[in-house]
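*Asks:* Residues per chain are reported as follows:
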Amino acid sequence: MILGYDSFRPSTFVDAFRFMYDNQGLMWNKTAEHLVISGEAMGIALLIAIPLGIWLGHLHRGSFLAINLANIGRALPSLAVIAIGLGVFGIGTTNVAFALVILAFPLMLTNAYVGVDGVDPDAIEAARGMGMRPHQIVLKIELPLALPLIFAGIKTAAVYVVATATLGGVVGGGGLGDIIVNQASYFLKGVIAASIAVAALAFAASFAFGLLQWAVTPRGLRRRVEMIELDVSTGVAEAVTT
Amino acid sequence: MIVSAVASAPPVIPNYGGPPGGRQGCIAQNGTFCWDWVKGHWGDILQPRLLEHLEMTAIAVVIGFAIAFAAALLAHRKRWFETPFGVFSAFLYTIPSLALFQLLVPFTGLTMLTIEIGLVGYTLLILFRNILAGLRGVPEDVLEAARGMGLTRRQMLLRVELPLALPAISAGVRIAVVTTISLATVAAYITPLGLGQPIFNGLQTDFTTEFVATGALAVALAIGADTALVAVQWALTPWARARRAT
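Protein chains in written order, with the numbering used here: chain A, 1 to 242; chain B, 1 to 246.
Hints listed in this document are in silico derivations from the structure and should not be mistaken for laboratory results.
One thing to keep in mind: the hints can contain errors.
[Said to hold, decoys possible] Calculated from the model, a selection of chain A residues having no Cβ within reach of chain B, i.e. all distances over 12 Å: (1) M132; (2) L139; (3) K140.
[What the hints assert, rightly or not] Pairwise CB distance ranges (calculated): (4) B:N30 to A:P218: 50 to 58 Å; (5) B:F33 to A:V36: 25 to 33 Å; (6) A:A32 to B:F91: 25 to 33 Å; (7) A:V88 to B:Q204: 14 to 22 Å; (8) A:G172 to B:I63: 32 to 40 Å.
All residues carry an ideal CB built from backbone N, CA and C; glycine is no exception.
Just chain A, with the same shape it has in the complex (with noise of 0.2 Å):
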């Protein structure tokens, strides 16, 4: 690895945007790439994190468990997660997704969890008295009251999994990152190029979970719905202070 050698000038910030449009081929390559390494690892954390979070928090168990998951998640060096991944599955990308998973996991889980277990009692009292099976109260009462957690939980993962996607590029994972860790071929404005739209996807990606909130929220609870979680110390605050 080649550093330093290139030399920064104000306009290299311009440089950076006609990099990006001299190169739209490699843009968009790196970034469908970089999309797909994410959303392969959000698609799994979230299929397992957030059923199993709804679950604990609906069965109020293993409280201990969740809240501490999020902690020790949150504390995982993720450069760590990624050698250590690369250890275990080898060259390529599973490696690059599987850290992205573990790092994902319990910022879903634990939100997930504590929305659910914080739904007022007297709710769920009320839809027992109407007659709702358990099922029915996990769908149509805990769900919906606890989806502002949870999704703050996706939200705030998909910031942090968008933007450690781009440590893939130092393991050859693929992605943005490749054009990061390698100024030598694309110099100082590629890596600026590059960093511009790791933080464009990681705004995306959040803006479109809180599109998808919007949607899946009941009429009733929609007037606060938050866009966009930018970072992890306020997604899972709630979490810690419980």
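Let chain A serve as the given structure and place chain B on it in line with the hints.
*Replies:* Frame of chain A; chain B shown alone:
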């Protein structure tokens, strides 16, 4: 002292050759994990890098805390200051770490300073938000009572607001510390310091144990630091425990 270590360019560390006895056994096999390598290189690679890592993290969090604390106090007094500093720190936070360190190199070179500027930048958002949230979370009637007792603003800050904000502040410090530990491994991409160095070195030389073992050590460090900070938080806020007990 770390800066001088960089200036004197550390010798190329043998990765394969390893512990007395040379390249044999599990080191030569280059499997996923080789305990012999870890034992053989604890003294010359892992432990020094671990200490460097701790030092980098401590410096970044202390400086970041000083800046964020001053900014949060200012934003607490003058509301208009919250948005510009919040936007600034959020902007820093969105820059991918691998790129930020590279962008700083033309200005500050391949030095410890480059790493610290980057790491401090990433702590600002977390610390600023948590400190400010802590200060703002002090109940109005408590402030009213303090004012009624004739406390000056300075006394209120030191005796009422800061102690009550302590749980939120220490939660912020905890997140900042683990985040910095994570980002400091990435920083080794620029300067061969900290636990990131053996990770990148292992990736380059294709010696699996080096990056797996160091990765595991970094994970252990992060979880250890997180646990230690929980204990500190517990010790610092006895009143929170008393309330829970009743």
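*Asks:* So, for every hint listed, does it hold in this structure?
*Replies:* Status of the hints after comparison with the structure:
1. M132: Per Cβ check, A:M132 is outside 12 Å of chain B; nearest 34 Å; holds.
2. L139: At roughly 34 Å from the nearest Cβ of chain B, A:L139 sits farther out than 12 Å, so the non-interface label holds.
3. K140: 34 Å, holds
4. B:N30 to A:P218: 50 to 58 Å: Taking Cβ atoms as reference, B:N30 and A:P218 lie about 56 Å apart, which means the hint holds.
5. B:F33 to A:V36: 25 to 33 Å: 30 Å, holds
6. A:A32 to B:F91: 25 to 33 Å: With Cβ atoms ~26 Å apart, the hint holds.
7. A:V88 to B:Q204: 14 to 22 Å: 19 Å, holds
8. A:G172 to B:I63: 32 to 40 Å: Holds - the Cβ-Cβ distance for A:G172 and B:I63, about 35 Å, lies within 32 to 40 Å.
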